[in-house]
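Peer 1: Taken in order, these protein sequences are the chains called A, B, C and D.
Going left to right, the first sequence walks through residues 12 to 342 as the working numbering numbers them.
Going left to right, the second sequence walks through residues 12 to 342 as the working numbering numbers them.
Going left to right, the third sequence walks through residues 12 to 342 as the working numbering numbers them.
Going left to right, the fourth sequence walks through residues 12 to 342 as the working numbering numbers them.
Some hints here could point you the wrong way.
Any copy will do: because identical chains look the same in the list, a pair fits if it lies in one copy or spans two.
As the list claims (entries may be wrong) - The calculated SDA-like cross-link candidates involving lysine to any residue, where the alpha carbons are at most 20 Å apart (straight line), are:
id, residue 1, residue 2
1, K152, H306
2, K252, M292
3, K252, G295
4, K182, M237
5, K252, P198
6, K62, S248
7, K17, G334
8, K286, T341
9, K62, D49
10, K62, V158
11, K17, F206
12, K182, M297
13, K17, E333
14, K252, M120
15, K152, A233
16, K286, P156
17, K286, E30
18, K152, R164
19, K152, Y340
20, K182, W238
21, K17, E165
The hints are simulated quantities; they were obtained by calculation from the structure and are not laboratory data.
Protein chains: 4
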Amino acid sequence: MNTFGKLFRISIFGESHGECVGIIIDGCPAGLPLTLADLTEDISRRSSGAKGTTPRNEPDVPEIKSGVFEDYTTGAPLTILFDNINTRSRDYTKLRETPRPGHADFTAMKKYGGFEDYRGGGHFSGRLTLGLVAAGVVAKKLISPVVVTATLREAGGITDIEAAIEAAVTKRDSIGGIIECTVSGVPIGLGEPFFDSVESLISHMMFAIPAVKGVEFGSGFAGAQMWGRENNDMLISTDGKTSTNHSGGINGGITNGNDLVFRIAVKPTSSTHQKQNTINMVTGEMVDLEIEGRHDTCIALRVPVIVEAATALVLADLMMQEGIIGRRYTN
Amino acid sequence: MNTFGKLFRISIFGESHGECVGIIIDGCPAGLPLTLADLTEDISRRSSGAKGTTPRNEPDVPEIKSGVFEDYTTGAPLTILFDNINTRSRDYTKLRETPRPGHADFTAMKKYGGFEDYRGGGHFSGRLTLGLVAAGVVAKKLISPVVVTATLREAGGITDIEAAIEAAVTKRDSIGGIIECTVSGVPIGLGEPFFDSVESLISHMMFAIPAVKGVEFGSGFAGAQMWGRENNDMLISTDGKTSTNHSGGINGGITNGNDLVFRIAVKPTSSTHQKQNTINMVTGEMVDLEIEGRHDTCIALRVPVIVEAATALVLADLMMQEGIIGRRYTN
Amino acid sequence: MNTFGKLFRISIFGESHGECVGIIIDGCPAGLPLTLADLTEDISRRSSGAKGTTPRNEPDVPEIKSGVFEDYTTGAPLTILFDNINTRSRDYTKLRETPRPGHADFTAMKKYGGFEDYRGGGHFSGRLTLGLVAAGVVAKKLISPVVVTATLREAGGITDIEAAIEAAVTKRDSIGGIIECTVSGVPIGLGEPFFDSVESLISHMMFAIPAVKGVEFGSGFAGAQMWGRENNDMLISTDGKTSTNHSGGINGGITNGNDLVFRIAVKPTSSTHQKQNTINMVTGEMVDLEIEGRHDTCIALRVPVIVEAATALVLADLMMQEGIIGRRYTN
Amino acid sequence: MNTFGKLFRISIFGESHGECVGIIIDGCPAGLPLTLADLTEDISRRSSGAKGTTPRNEPDVPEIKSGVFEDYTTGAPLTILFDNINTRSRDYTKLRETPRPGHADFTAMKKYGGFEDYRGGGHFSGRLTLGLVAAGVVAKKLISPVVVTATLREAGGITDIEAAIEAAVTKRDSIGGIIECTVSGVPIGLGEPFFDSVESLISHMMFAIPAVKGVEFGSGFAGAQMWGRENNDMLISTDGKTSTNHSGGINGGITNGNDLVFRIAVKPTSSTHQKQNTINMVTGEMVDLEIEGRHDTCIALRVPVIVEAATALVLADLMMQEGIIGRRYTN
């Protein structure tokens, strides 16, 4: 389903080339100050236009349709909508019969029996993350002074990200990247053993972001090569501070009061300017495919703010479950 | 919460040194043949005793307490219980004040205010995965002919696993490992866009397994270093078969009919025979810590069958949601 | 939360005098034909204007914002929105300090700390049921040939409903009513023992409708006065048909193939033209209260179509859980 | 599913003539004192033996299998089990082909395809409410000083309950009854508008109790016959006290600080000593049926303590959601 969360619950909807995309936050505490201006910065961080991102330039203007009254959240469901304006559906119609490699074209067609809105990826489009980013702003305000920061650490396998983009643009191909997310000020005790471990919830949310294919916490995959004594973090204070942070701030699925640290792998944008091959679903013949639509050379450039939003959404829910954030906002 | 799943839902309970551990499966279709003998093999794959595993040698005898009648599932909740017999609680009591590095001792104490059952990790113990393995047997039967296979690919950073164990035993330290899981025969169309993507659900479940700190699908972290054209999988047949499988069998969160492939990073066992340091929570002084309890040199050795179980549980739920598995079992 | 359902899940949002009210259906099967014209009849059955209903005359024009493409559902979340046009907020502002008897004014103020949108009942308004009715149309199509019919059986304690309205208008007071709902063509086997009994789910949904204060199935409260032998329904055919239907078509929480029959009690509209008393929350003094807004003499007149919608929504979810309705609509 | 609740969640399992019945509470705060002795009184109130109840005399001895350590809850899942001892399965086997009127025999057979444990009602047995009662004890402790009291107000249509039982025993038939439940000390603000209204949640839970066929809040069905001004409760203090309580303590789905008051209709026990008719599912012929098993003349006698438990369970969850009960118990 298109829903995540227990007490602070989000639901997303919309299609890339339909009327709109949007999100509902259900369970948002009453009394949080919120205006459209609060949303601007993060929406602009997600937006395209910079080198390495798609030239599709939606204005991305949010409308608050419910749940806010006189600039404060009311406690009722908070709905944020983004009208789709700059849609160029003709780019996509001819791809109907020839599913694009790496995209959900084939799986969506099979799952929904051909009734899916296929234009620009339809409901599978990365455009749906606009709502996540908007809701993330709300979540970030709620969890303050907990602070979430995500950064693109490498792209196309190198840390000089500008050079990586340059190379990809030259090659007319796309690249992926590694994003690191750090959360500071995390209260001790968030999360549950087993199924609602902090790792479970955060990874669940991260893999909801299109193009994410890997998540690791703390020393992660590298930790699997270390000795136990080396990978263990030594407790050095009774409030839980440790000398190292190979656990990524989580033991037994529960936050230990150190920074949360995790990394995610973002695959290269599936659409590239390179010629590719695919199968024609009608004729069964292999065909050449050139994807003419607008697309990002390195979608990972736009993902950090989405990762931050997704993380803040998980934390807001957990902090409400622990009673750290109440049903009425007070700060 | 200690629950996972929508239509095929599991709940685990119990403590390492309490009376028992167990699991309930709610929503299991009626009419599936099931006897205790079915559980033996997987329980034994998980059990300790082999080189590199703990000498704690529980008999691990399952009892079916509800939901099975005359060797068939009834459709009512299926409860499987394992009595704890070989408990040696005295090993652990002195660790109360000195949280073991890498374990949940500190976080549990803080989260539950000191009321947690701390003996042998209590509810956080890996022993709780016994229930998962038992439920996994049920799930594997349900999803047949879909087949899940997990294998330890490397330990302590090398692929010669026996050598790795040898080295660790010699060093009196512990090591981690990388497990690869492959699922064959997967129907097209499992999973949902965004929050219930197959990656989201599987990773959610994997991170519920103690010691797992990383999950990647298909080319995963390596894919983040590839060119888009290279990482994309070319469709070569109208039933979805692709020439490569860098996506791990998932596009847009939905299975595409190729094998599911993912890898998980298991950290080195937190308990080692090495002397470590920790803080005394009462005095606030740093102290030496030697962990005398029984423990595994390489817990990753025992995890593949748990990964299989966890994967089968996710798939059973998804296949029920799609109506591929009905409410009454028929095969 | 503002969400109901497991596989076929609805979420409502909006406020009486805000920008809009609406609903999202998540999990709607792909391929169901749906146009705005389908919604007209039921929306108009719910609307005001008839004798005994409020003269607030919203056009109630639905917009489908997502989830439908070329007149078929896509399988993605289906969003239906109703803009609020005919709002007269000034009617309500002076009631801020003097909570209206029978309304949620007092409880909302306390629950949301004064941040609630209080205009016209805000999020608590019966106007939110517009979304339910629209979603109900979708559900009715899905469950066909199962047919849900709800009828106002009595108003103000008598079965001559026109006379009852007449008397109430004369008295300038409001009245309630009893609605009976019958569902024909119900498959055997819907529902679960205990917490997801059909009675549990239907009553849960009925009590979500504002003004509903009682629900009884089959012989209900009258059955509590009967002999066991008399109240039992005799099975007269192997397909489950019974000679009587005191059980309301449900045994052990599961549908038995006979008609579902239940009745709901709708309280008199809380707003009346009678002068009432309430407390001034600021001064703590008792004050006279005349409610000048527009309101229904007998809200129960407008509730049958909502009851039908709510029932169809429950059944659609249960029929999806049983695999009777698939993820792709085929009829 | 056999699960109810969001933060304080219960799951029941077991069969009447299987090995055991039981319940798990997931999300119980840590630090609540709990011993087996706490359970005795309510279990005994539910038990049979008194005039009008079945002579099946189970000892009903609870075992706490997890979640309690040194007489305090740990925060981990709390499992309570009751072994079945006094089972006489031979009573029931011959009823396999001839479903008993009013019972779930027919619906269970159809739903589970004949794989259900049919002995004594199997998983549908009222014996499953033992777990509810045990969990109710925990919930009652948690919500204190909120107090829940349920009383049998009438049986067989009259308020002299002893006389009613007498008459039914003489007639060798069964009777039902009306139970009233009152909750005092309720905090203002529990519940949510619409789907999680207090009425929705309580009725959901009440209809999970076998034999319950009606639920009404406050003036309920009688209120549907009153004038609005008469049925409205006048606010007489700024803390929400009202002059009357026709709303049953709930406005807009939210508690208003007055007593919660609701009534439930319990149907006559389906099993009676009267000869009945039913259909033979194999031959298709109508046959006489005499039910020889042990059964209650008036099951309603045993239901008040179950109603109390069910109500306390709902309130505990809501009070946790509002942060009134924390994750660590403190009193």
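Peer 1: Work down the list of hints and note, for each, if the structure agrees.
Peer 2: Consistency of the hints with the structure:
For the homomeric pair K152 and H306, neither the shortest alpha-carbon distance inside one copy (32 Å) nor that between copies (39 Å) is at most 20 Å. In the homo-oligomer, the alpha carbons of K252 and M292 lie at most 20 Å apart only across protomers (12 Å), although the nearest pairing inside one protomer, at 57 Å, exceeds that limit. In this homomeric assembly, K252 and G295 come within 20 Å of each other (Cα to Cα) only across copies, at 12 Å, whereas the closest approach inside a single copy is 60 Å. Taking CA atoms no more than 20 Å apart as the test, K182 paired with M237 passes between copies only; the shortest distance there is 13 Å, against 38 Å inside one copy.
For the homomeric pair K252 and P198, the shortest alpha-carbon distance inside one copy (12 Å) is at most 20 Å, but the shortest distance between copies (39 Å) is not. Proximity of K62 to S248 under the C-alpha cut-off of 20 Å is found in neither arrangement, the shortest distances being 46 Å within a copy and 36 Å between copies. Proximity of K17 and G334 under a CA criterion of 20 Å is satisfied in both settings, with 13 Å inside one chain copy and 14 Å between copies. Taking the shortest alpha-carbon separations for K286 and T341, neither the intra-copy value of 55 Å nor the inter-copy value of 38 Å comes in at or below 20 Å.
Taking the closest pair of Cα atoms, K62 and D49 never come within 20 Å of each other, the shortest separation being 25 Å inside a single copy and 47 Å across copies. Taking the closest pair of Cα atoms, K62 and V158 never come within 20 Å of each other, the shortest separation being 28 Å inside a single copy and 45 Å across copies. Taking identical chains as interchangeable, the C-alpha atoms of K17 and F206 lie at most 20 Å apart whether they share a chain (13 Å) or sit on different chains (13 Å). In this homomeric assembly, K182 and M297 never come within 20 Å of each other (Cα to Cα): the closest approach is 24 Å inside a single copy and 56 Å across copies.
Taking identical chains as interchangeable, the C-alpha atoms of K17 and E333 lie at most 20 Å apart whether they share a chain (12 Å) or sit on different chains (13 Å). In this assembly of identical chains, the alpha carbons of K252 and M120 lie at most 20 Å apart only when taken from different copies (15 Å versus 50 Å within one copy). Within a single copy, K152 and A233 get their C-alpha atoms no closer than 34 Å, and across copies no closer than 35 Å, so neither meets the 20 Å cut-off. Taking the shortest alpha-carbon separations for K286 and P156, neither the intra-copy value of 48 Å nor the inter-copy value of 37 Å comes in at or below 20 Å.
Taking CA atoms no more than 20 Å apart as the test, K286 paired with E30 passes in neither setting, with 31 Å inside one copy and 47 Å between copies. Taking CA atoms no more than 20 Å apart as the test, K152 paired with R164 passes in neither setting, with 25 Å inside one copy and 43 Å between copies. Only within a single protomer do K152 and Y340 lie at most 20 Å apart by alpha-carbon distance; the minimum there is 10 Å, versus 29 Å between protomers. For the identical chains of this complex, K182 and W238 are inter-copy neighbours only, at 9 Å across copies versus 41 Å inside a copy, given an alpha-carbon limit of 20 Å.
In this assembly of identical chains, the alpha carbons of K17 and E165 never lie at most 20 Å apart, being 34 Å within a copy and 37 Å across copies at closest.
Hint compliance for this structure: hints 1, 6, 8, 9, 10, 12, 15, 16, 17, 18 and 21 are broken, all remaining hints hold.
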